[in-house]
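Asker: The chain contents come next:
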Amino acid sequence: MSNNVWAVLQLRDGQVSRAALETIAAAQKLAAAIGGQAEAVVLGSGVGAAATSAAGRDLAAVHVADHADLAGYTPGAFIGALAPALRAAQPAFVVFAHTYQTVEYAPRLAHEIGAGLLPQITGFTSDGSDIGALLFARPILGGKLQAKVKVRGEGTVIVSIQSGAFSSDSVATGSAAAPIQPLADLSQIKPEREILGIEEVGGDQIDLTKSEVIVAVGRGIGGADKLGPVEDLAKALGAEIGASRPVIDSGWLPRDRQIGSSGQTVAPKLYVALGISGAIQHLVGMKASTCVVAINKDPGAPIFAVANYGIVADVHEVLPALTAAVKAAKGV
Amino acid sequence: MKVAVCIKQVPNVEARLRVAKDGRWIDEEDLSFVTNESDRYALEEGLKIAEATDGEVVVVSLGPDRVKDALKKALAVGAARAMFLKDPAFAGGDAIATARALAAAIRRENFDLVLTGSQSDDVGYGSTGSLLAGHLGWPHAWLVIGLEIEEGGKTAQVKREMESGMNEIFRLNLPAVIEIQAGINHPRYASLKGIMGANKKPIEEVDAAALGLGADAVGLAGSRLEIVSVAFPESGTGAQILAGDAATAAQALVDKLRQEARVI
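Protein chains in written order, with the numbering used here: chain A, -14 to 317; chain B, 1145 to 1408.
Since the hints were made in silico from the structure, they are not lab data.
Computed from a predicted model, the values in this text were never measured in an experiment.
Treat the hints with caution; some may be incorrect.
[To be verified] Pairs of lysine-lysine residues, derived as DSS-like cross-links and limited to a Cα-Cα distance of at most 30 Å, are as follows:
#, chain 1, residue 1, chain 2, residue 2
1, A, Lys195, B, Lys1303
2, B, Lys1400, A, Lys195
3, B, Lys1344, B, Lys1230
4, A, Lys211, A, Lys312
5, B, Lys1165, A, Lys135
6, A, Lys133, B, Lys1230
7, B, Lys1400, A, Lys315
8, A, Lys211, B, Lys1400
9, B, Lys1298, A, Lys175
10, A, Lys254, B, Lys1400
11, B, Lys1400, A, Lys272
12, B, Lys1345, B, Lys1230
13, B, Lys1400, A, Lys282
14, B, Lys1345, B, Lys1216
15, A, Lys14, A, Lys272
16, A, Lys175, B, Lys1303
17, A, Lys135, B, Lys1230
18, A, Lys282, B, Lys1165
19, A, Lys312, B, Lys1400
20, B, Lys1303, A, Lys272
21, B, Lys1165, A, Lys133
22, A, Lys312, A, Lys272
23, B, Lys1146, A, Lys175
Chain A with its partners taken away, still in its complex shape (with noise of 0.2 Å):
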């Protein structure tokens, strides 16, 4: 096996995003951790550009996997054209960006190839200089808590990074370009599932991402029937309502109204939260709001730990009193 970490990029639109910026952050902080070298691998149709791009960067090479049948996304194209490659190269990890693609694909890839798994890491520390001292940070139990994870055994470990947790900003510029490598084996490159098409949700409908203010609601509120002195709320700050996952899938609100992952991304001026957890799929649909209140009657809810301002208590107990107060200081 050898000491050098793969980055797979994923494109968007075909250029290098800055969630692939990440994954070579990542994968550049873990060679440097063990004693190795990072490479790239760039998987598309026509992805000469972005793997141009990739090779202004302190890589050690940039594979391309440049295929008809790359050009849409598909886990058996995926898989098919990387395991060739990874059992060859036997790196040491593989990194991805945790998203909705790879998560799909990457532990496939890793039975493929007989590697380790290792979802969603936050970061790592390392006290040594073999893979045996990296201690891995990964959320649990909905972000509750944090696990410290190391790895066992021998041979490849398949990475992924949690959205944000290795800046983009701190990839390394390389001081001549990276030799750029097509993959030798593209033969086992076989889609074998049959895209019938797209679809987007409530495209047409609430667009929160312009909002300015957002209160938004989680299974905390307790039932459809328990919305009315949200809406009060929401009427006096001049504010959408936005939900958690949770709700929208018990049917509080429609799914246009949903914030996360699987949502929409907002970034208001004040957000309101009101009985949401902060399971990671909803913090990352919201964290980049400029003022984030949080309500909510489990001190241990993660939250609070991106709230600037936070009340410990049942939301119904606390609404109508804030109600209040807004009105009295908006002079409404």
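Chain A is already provided as a structure; the job is to place chain B on it using the hints.
Answerer: Just chain B now, kept in the frame of chain A:
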């Protein structure tokens, strides 16, 4: 169709959690356990398919004794029987070790379809179903929010979530492993009759030896990951907590939003 549904029993995440004395996991004493959320949707999807095709659902789970309660609940809502992978050697397994054991159990019968949840609410690897598909050599799909069985069970039309509010729709061949996302359906509740009837339905206990797996292939010994410690995230960077009764805290909050944050 004969459908296997893999479920996991997890701590109730709404509960107040404590770190165990050895620091390696949470203290499970006095904790309540529930069936993992997305697995409940997978079970409902399996029951709907079994009903529509005059088939049956076999519910499969791996874990300690307490898991029997989760299996009984699944039998109460309509699963025909249960496979309980129960062996001290299974403890501490990562997704790779757990998928290996599940695959060995599922291979003992001829299933037409395997359903799982997309992600567990405890460790949250989100990988077990995909790894299981690798062992079985079947196609798979993750984060599925729409599933239609076609051509009498030869193919399925699948809708899966992607980022940014987009869904992808595609067709794949069966048998397959389909990993269900919460929200795909409305899980049913058990009737009194169902609960009574569950006691008569078989729960087959299976250990590693019965699956032809050595102790080094399962549990922590068969894993590439080991959880060394768990902890609550460091506080201090978080929210300014506004104390007092509802009126006091609400007024303090509004004052902060006006004068400090200047957002209202």
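Asker: Quick one: which hint numbers does this structure break? Sort them smallest to largest.
Answerer: none
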